[in-house]
Amino acid sequence: MRVMARSPTTTDVFNAVAEASRRDLLDALGTGEATVGELVDRLGLSQPQVSKHLGVLRAVGLVTARVDGRRRWYRINGPALKPIHDWVRAFERTWIERLDRLDDLLVELQAQEDSP
Amino acid sequence: MTEKTENRHGSATVTLPSDTEVLITRAFDAPAGLVYTAYTTPELVKRWWGFDTSEWLVCEIDLRVGGGWRFVTRDDGVEVAFHGDYKELDEPHRLVSTEVYEGIPDAEENGALDIVTFDEVDGVTTMTILVQFQNKEGRDGMLESGMESGMQIGYDRMEDLLREMQ
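So the sequences go chain by chain: H and Z. Anchor point for the first sequence: position 24 equals 23 in numbering that gives the first Met the number 0, and the numbering is continuous, going up by one each time. Anchor point for the second sequence: position 158 equals 157 in numbering that gives the first Met the number 0, and the numbering is continuous, going up by one each time.
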């Protein structure tokens with residue numbers, strides 16, 4: 000049973016960064032604050048596309064905005080990436096240890112093959 | 000990358016090709032046939048698949064398409080169980096199986112598909128494991144299978160980004 004109430008693009012950081020254009024936006028914002036116009040110029044996306052993706056990133060807290068006069072400045076909110084960071088780290092540590100043991104085993108098996 | 004080295008410890012990498020996929024990559028100084036054997040033989044799987052402290056309760060492999068596998072270990076008193084079915088077997092190049100972590104609700108529905116490839120070049124075999132979760136519940140469920148924090152993030156540049164921002 001799928002849970003219909005779940006709205007993936009607006010509630011899940013994983014889903015928000017799964018889209019390539021949104022990762023590009025995060026990379027662009029990684030170097031500092033930017034306006035929609037600057038992001039349009041830098042990424043070669045249309046203004047509606049940039050605005051739509053910024054909306055998704057804001058909804059999951061990955062991007063925040065501040066208004067300065069008539070301009071709206073967008074910036075990245077790093078700590079919101081933590082769930083992804085933690086998840087990948089946990090998964091990776093398990094597999095690094097597991098495959099290091101497999102490595103040792105393969106060395107041992109080959110040594111057995113080599114000795115008559 | 001394919002040169003033989005003294006020690007490749009710590010060299011497995013994990014990347015996230017999409018929000019429901021994980022790709023694990025690791026090279027071994029061994030022929031593909033041997034890596035495949037170590038991956039599919041119960042007595043050998045017991046030597047590497049669990050944690051150092053794991054007590055093995057079940058390690059069954061019925062290596063044929065449609066056959067099943069089931070691994071159950073006890074870690075710190077907690078039983079951790081996985082099982083699946085083999086979908087494709089192309090020794091020693093490729094193996095496709097399902098993977099179900101029994102510790103989450105609706106385990107079967109939230110299972111994953113594992114696509115494993117063994118690519119040998121000049122005596123070095125690069126193994127890739129692509130884990131395709133059916134949904135985010137399955138992906139999140141993996142967190143509960145006894146994993147702890149590790150060392151690096153897969154998304155290009157994202158770790159640096161995170162460090163800069165904190």
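Please note that a few of the clues may not be correct.
Okay, the calculated beta carbon distance ranges per label pair [stated by the list, open to error]:
id, chain 1, residue 1, chain 2, residue 2, range
1, H, 34, Z, 112, 29 to 35 Å
2, H, 48, Z, 50, 42 to 48 Å
3, H, 109, Z, 9, 51 to 57 Å
4, H, 103, Z, 84, 28 to 34 Å
5, Z, 51, H, 112, 23 to 29 Å
6, Z, 133, H, 50, 30 to 36 Å
7, H, 32, Z, 41, 28 to 34 Å
8, H, 34, Z, 8, 42 to 48 Å
9, H, 72, Z, 51, 48 to 54 Å
10, H, 60, Z, 118, 51 to 57 Å
11, H, 71, Z, 36, 39 to 45 Å
12, Z, 14, H, 51, 39 to 45 Å
13, H, 34, Z, 104, 28 to 34 Å
14, Z, 8, H, 74, 52 to 58 Å
Okay, the calculated bits of chain H under chain Z, using three or more residues with CB under 8 Å as the criterion [as the list claims (entries may be wrong)]:
id, stretch
15, 11 to 25
16, 34 to 44
17, 48 to 62
Since the hints were made in silico from the structure, they are not lab data. Beta carbons: idealized from backbone N, C-alpha and C, even for Gly.
Here is how each hint holds up against the structure:
no.: 1; hint: H/34 <-> Z/112: 29 to 35 Å; in the structure: violated, 43 Å
no.: 2; hint: H/48 <-> Z/50: 42 to 48 Å; in the structure: holds, 46 Å
no.: 3; hint: H/109 <-> Z/9: 51 to 57 Å; in the structure: violated, 21 Å
no.: 4; hint: H/103 <-> Z/84: 28 to 34 Å; in the structure: holds, 29 Å
no.: 5; hint: Z/51 <-> H/112: 23 to 29 Å; in the structure: holds, 25 Å
no.: 6; hint: Z/133 <-> H/50: 30 to 36 Å; in the structure: holds, 32 Å
no.: 7; hint: H/32 <-> Z/41: 28 to 34 Å; in the structure: violated, 56 Å
no.: 8; hint: H/34 <-> Z/8: 42 to 48 Å; in the structure: holds, 47 Å
no.: 9; hint: H/72 <-> Z/51: 48 to 54 Å; in the structure: holds, 50 Å
no.: 10; hint: H/60 <-> Z/118: 51 to 57 Å; in the structure: violated, 40 Å
no.: 11; hint: H/71 <-> Z/36: 39 to 45 Å; in the structure: violated, 60 Å
no.: 12; hint: Z/14 <-> H/51: 39 to 45 Å; in the structure: violated, 26 Å
no.: 13; hint: H/34 <-> Z/104: 28 to 34 Å; in the structure: violated, 45 Å
no.: 14; hint: Z/8 <-> H/74: 52 to 58 Å; in the structure: violated, 39 Å
no.: 15; hint: 11 to 25; in the structure: holds (count 7)
no.: 16; hint: 34 to 44; in the structure: violated (count 0)
no.: 17; hint: 48 to 62; in the structure: violated (count 0)
Checked against the numbered hints above, the structure violates hints 1, 3, 7, 10, 11, 12, 13, 14, 16 and 17; every other hint is satisfied.
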